[in-house]
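Asks: The lines below spell out each chain.
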Amino acid sequence: MSTAQAVSHFAISCEVNGTTVDRVVAVRQLLADFIREDLGLTGTHLGCEHGVCGACTVVLDGEAVRSCLALAVQADGRSITTIEGLSGDGLTSMQQAFRRAHALQCGFCTPGFIATLSVADPSDYHDEAGVRQLISGNLCRCTGYENIVAAVCEEWGIERS
Amino acid sequence: MPDWGDLVPRLFGARVERREDAALLTGQGRYVADIRLPGMLEATFVRSHVAHAELRRVDFSSALKAPGVVAAFAAADLTGVREFPDYISWQREVRQFPLQRDRVRYVGAPVAVVVASNRYEAEDAAELVEVDYAELPAVLSIEEALAPGAPRLFEEWPDNKVMDLPEHDPEVDRILASSPTVSGRYRMQRQAPCPMETRGVVAELVHGRLTVWSSQQSPHILRTTLATVLGIPESTIRVVTPDIGGGFGGKTHQYPEEVVVAWLAMRLRRPVRWIEDRAEHLVSAVQARDEMIVLEGSYAPDGSITALRAEVICDVGSGEIAMPGTCTSLVSAACLTAAWKIPHYATSVTCVVTNKTPSGAYRGFGAPEAVLAIERFISRVALTAGVDPIEARRKMILDPEDLPYMQPSGNRIDSGSHRAAFERAIELGQAALARRRQETAGDRVRLGLGYCQYVEPTVPSYFGTTGYWTAYDSSSISIHPDGGVRVSCGVAAIGQGTETTIAAVTADALQVPIEEVTVVVGDTDSCAYGLGSWGSRSAVVFTGSILRAAEIVRQKASKIAASLLEAAEPDVVMEEGRFHVRGSSTPAVGWADVATAACVRTIDLPDGVEPGLDASATYEPPNLDHRPDAEGRMNGAATWANGSHSGVVAVDLDTGGVRILDYIVVHDCGRVINPTIVEGQVHGAVAQGIAGALYEQIVHDSGGQPQTASFMDYLLPSATEVPRLVVEHFESPAPETPLGIKGVGEAGTIGPGAVIANAVSDALSELGVDITETPITNRSLLRAIAAAGASRRGASPEEPSGGDAAA
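From first to last, the protein sequence lines are chains A and B. Using numbering that gives the first Met the number 0, the letters of the first sequence correspond one by one to residues 0 to 160. Using numbering that gives the first Met the number 0, the letters of the second sequence correspond one by one to residues 0 to 806.
Hints in this document: simulated from the structure, not taken from any laboratory. We treat Cβ as the ideally placed atom computed from N, Cα and C, and that holds for glycine. Accuracy of the hints is not assured; some may be wrong.
As the list claims (entries may be wrong) - To give a feel for the contact side, a few chain B residues facing chain A, derived at Cβ under 10 Å:
1) Arg14
2) Glu19
3) Leu24
4) Gly26
5) Arg29
6) Asp33
7) Ser88
8) Asn117
9) Glu678
10) Val681
11) Leu715
As the list claims (entries may be wrong) - Taking CB as the label site, the calculated pair distances span:
12) Ser234/B - Glu14/A: 44 to 54 Å
13) Glu14/A - Thr439/B: 47 to 57 Å
14) Gly156/A - Thr719/B: 19 to 29 Å
Assemble the whole structure, with the sequences as input and the hints as a guide.
Replies: What follows is the structure, encoded as structure tokens:
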């Protein structure tokens, strides 16, 4: 950096759930806070703010990303999909599977699971162990994972071991 | 037992889909952190970074100059604020003010609050607050707290015992003195409830009324506490609990932050929000367990215990929390005998204060500690007596003909499937073990089978915990002119499907489609006084009060329907939500006709019937004690659930790693309203129990600094740690509760510590390993294996146990 002047704010342009968003953000603002506070998309939840629990997972250019570990400025020129964008008019097929299997209780972690699953390729997963590995970056305190695993296996046609 | 009577329930017992899910799955839930009000400020708490110190001075001069800062306050600034009330007469009074005044007693204790235009600025400014501490020696364990000459947390006390209830039972003394005895010492570590949503509070003052949104399990109790501590009329306060991201007991307490944020909204005349971060949560929200149980028992040649003496000693942290953490130890004492027929039992209970985060409620509430202790103790007794440990248990377990069974502690076990559930869990566990023996290879891996049985006090007395409230709850039903039903209840929804269950019971009680029922909970302006959701109580108390309110509404509706049908009231019956004359389904009127007459076309009301079609009712569970009798016996719960778990583990002798291969739950919570929801409760509870058995542990260093203030260090299990869970239901109806139901929320947490400790001990029985502590970590297990080996070689190990207090 050649200039001594600290930059406190930065103009970003990104696509959020299919709509172009132009905003000036504080350079230190977390992506999660930008999504929740600036855009009012409160379906993205903060469970730990240090990248472990996965509740804040969003899809950034097709990848599952922890929005508590990214800065808003990193979204500049990129495409973000939050739980609001992942949900259609009704429930997606995976969301319906969650509902049928009782794969959520308090629902706080659920959008993060849905986001993680939305970018996974079902053809990469052939057994329950693989599904458990896939979702092991998302913590749930209510379900003991039993019904989340059941929902994913049902949706992807995986026989449980 | 209040039952359906002439009504034909259609939803009771069915797998009704949850009404909460559509919103929660799509990010449309509304949690406290989602609330954003015009002009809202954000608060950050300055917390003690030392474990024990005199608090000399708080200096805001730098902080107040920071960008965006609106105000900053310390204890002395909180004008009008009072100490939290302490209603418990059987323990020493803990004087607690919402911000620490002259002393801090744990890392994380709230010392000051900074308010700014957003959280970033508030947190920056909080770092500029200068606090002058004069450090004092910290007391960090039961042993340190009880040591002669130990530093005291409260100068006005002679020692660090906040509660000390000795036992005195000459008969137990006599039997123990004249029989062969076995003794043991068992410990369960400090844990944190850790809902995925941390705590949070938003408050605003509009037209002189204070509204407080909080992630809380007991909205009315918070309202009463706020009125007391803030010194304002309770009618001026509204508490709302929006969607709650899990509670697990930790959110039953009334916290300093709730008072301070409410006070800020009053003082600053602007809405204020505080959202706890996870690092704060792991030092300032209540923690739990941290208990030692010392047992001495005499036994018969068949391995059954003839008399038992227990000392329950609990480390409750600093003790500075409203609804004190001491009472879990009383539940430990009550649950130690589980469904075992132990004819003579006496227990002392001691709670000590230490320089750690205050303890409080966590799913299981004293029972997991007790069941770990008694299960390991029974196995030790059996080994000493030379009896198979399963056979020893069979000699002691309750049979149906024993029920109701009065235990020496005063527990009145009203019903249950104790032996049947135990035998089923053993059968499934032994089959699983046999299967695993076929498929598991490796000469350095040992398989073991563990099991346990427990009883769970459900719908407990809150007087026994708070010295104030009892056990009742309330429901109100209104029928609207279009026939729609609104039901409000004093319990809270904390993610367990409460709204669905309330809707199902109400729909059955009024014979309306469930879609017609709107449920309101978690708003003190909309719901009559109730005690909230904790203690595995909600289903029983909302069902009891809904059935009573619905009966009043039905009776009035019958009168109105008779008038509309021009029939005599005794001839009118209701079927499937339609009122008609007995024997002929036409003509008929529905709820909309009746409610229209009641609320709108009141000109159609018969003489003597007042307008309106609504009713409120309470339900106070009978047959539980709020106080002990002269002999110290107390039945503190309306009904007792039971269960047996079993599990198979693989232990790696080289790494000390424990892998759970199978986990089986045979559970009995009486009649089940919704099996899907009950299974979900069991799954989640078992996972938390497994977490306690193997992973989670709050650790402090020798100076009292928390070492586990993030999820990198405090290890919540993920889907790869929790095994597949097999759950079977037994249904032993509770004889005295509405519809025979019992509570279910906590039971699953009680078993896993004992099951896994039993299984690991079984796997390593050839080495003589006897697990007495949780968590069972790789390190603790390797140490236990080494100690057992040394012991066999004749050396004297320091502590032949599986625990690891300093993992």
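Asks: Give a verdict on every hint.
Replies: To see whether the hints hold, each was checked on the structure:
1. For Arg14/B, the interface hint holds, since its Cβ comes within 10 Å of a Cβ in chain A; the closest pair sits about 9 Å apart.
2. Contact between Glu19/B and chain A, as hinted, is supported at the beta carbon level, the nearest pair being about 7 Å apart and thus within 10 Å.
3. Of the supplied interface hints, the one on Leu24/B holds, with its beta-carbon coming within about 4 Å of a beta-carbon of chain A, less than 10 Å.
4. The beta carbon of Gly26/B comes within 2 Å of a beta carbon in chain A, closer than 10 Å, and the hint placing it at the interface holds.
5. Here the hint on Arg29/B is kept, as its CB sits about 8 Å from the closest CB of chain A, short of 10 Å.
6. The restraint placing Asp33/B at the interface with chain A holds, with a minimum CB-CB distance near 4 Å, inside the 10 Å limit.
7. Hint status for Ser88/B: violated, given a least beta-carbon distance of 35 Å to chain A, over 10 Å.
8. With a cut of 10 Å, the hint placing Asn117/B at the interface with chain A holds, because the nearest CB-to-CB distance is about 8 Å.
9. Interface restraint check: Glu678/B against chain A, minimum CB-CB distance 7 Å, threshold 10 Å, status holds.
10. Below 10 Å, beta-carbon pairs count as interface contacts, and Val681/B has one with chain A at about 8 Å; its hint therefore holds.
11. Satisfaction of the interface hint for Leu715/B is found here, the shortest Cβ-Cβ separation to chain A being roughly 5 Å, below the 10 Å cut-off.
12. Ser234/B and Glu14/A have their C-beta atoms about 50 Å apart, which keeps the hinted 44 to 54 Å range intact.
13. Here the CB-CB span from Glu14/A to Thr439/B is close to 51 Å, well matched to the stated 47 to 57 Å.
14. Against the hinted window of 19 to 29 Å, the Cβ-Cβ separation of Gly156/A and Thr719/B comes to about 21 Å, which satisfies the hint.
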